[in-house]
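Visitor: Residue numbers (the working numbering), protein chains in the order written: chain U, 1471 to 1583; chain Z, 5 to 118.
Bear in mind the hints are in silico, worked out from the structure with no lab data behind them. Take these hints with a grain of salt, some might be off.
[Unchecked claim] Quick list of simulated restraints, FRET-style, between CB atoms:
(1) A1486/U x N69/Z: 34 to 40 Å
(2) V16/Z x A1541/U: 45 to 51 Å
(3) E1487/U x G67/Z: 41 to 47 Å
(4) T74/Z x N1537/U: 38 to 44 Å
(5) A1486/U x S84/Z: 27 to 33 Å
(6) Q21/Z x T1473/U: 31 to 37 Å
(7) K1540/U x P12/Z: 41 to 47 Å
(8) T1473/U x T19/Z: 30 to 36 Å
(9) A1486/U x S22/Z: 48 to 54 Å
Heads up, the beta-carbon is just placed ideally off N, CA and C, and yes, glycines get one too.
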Amino acid sequence: AQTVTQSQPEMSVQEAETVTLSCTYDTSESDYYLFWYKQPPSRQMILVIRQEAYKQQNATENRFSVNFQKAAKSFSLKISDSQLGDAAMYFCAYRSVPYDMRFGAGTRLTVKP
Amino acid sequence: NAGVTQTPKFQVLKTGQSMTLQCAQDMNHEYMSWYRQDPGMGLRLIHYSVGAGITDQGEVPNGYNVSRSTTEDFPLRLLSAAPSQTSVYFCASSYSGTSGNTIYFGEGSWLTVV
């Protein structure tokens, strides 16, 4: 079964600094998608960024970028110029079939002013 | 845009009671699913549907039933609530096709079983 592991339960970053959240996954599939979701205290699930496994180029969305290492099964999220509004739980997720998303346990990010 | 709508948002149940969490989407999505989120864990798939009349079990289906009589609605039923079912429940939907299609989540339903 596919598993997603986030080894950092909590992370902290100073406002305007850069932080990297780690994620590893286990799969025997060759075609899949990886995601990072943000969950603020409201519990709403917000898609931050998406990566197709067949693409070597790392995805970027404004201040958010990923480091996708397919052979190492690693998918880290880098947040640049951190803002107070970035404080939230961040979930790494894996999806190889359309109806089943597998989530990591999450990383709680605190942003210090 | 309504998107995915869940009701109720909060519910307290006594052990053994039954209830239904409602989920509706107005995007004509084929795929709908229910997840639960427990402290210290990510979302886990309970049941899913790939179209009207078709449902199947996910990772943690025990204690829950679902049906999909229309494309829009996908209710989740707890037949005899247990304290272990205290959780936050999310309904989600997406178009069929590739696994890259965006999943749209509802705002969550907080359920407490006492």
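Visitor: Of the numbered hints stated previously, which ones are contradicted by the structure, given in increasing order?
Guide: 1 and 5
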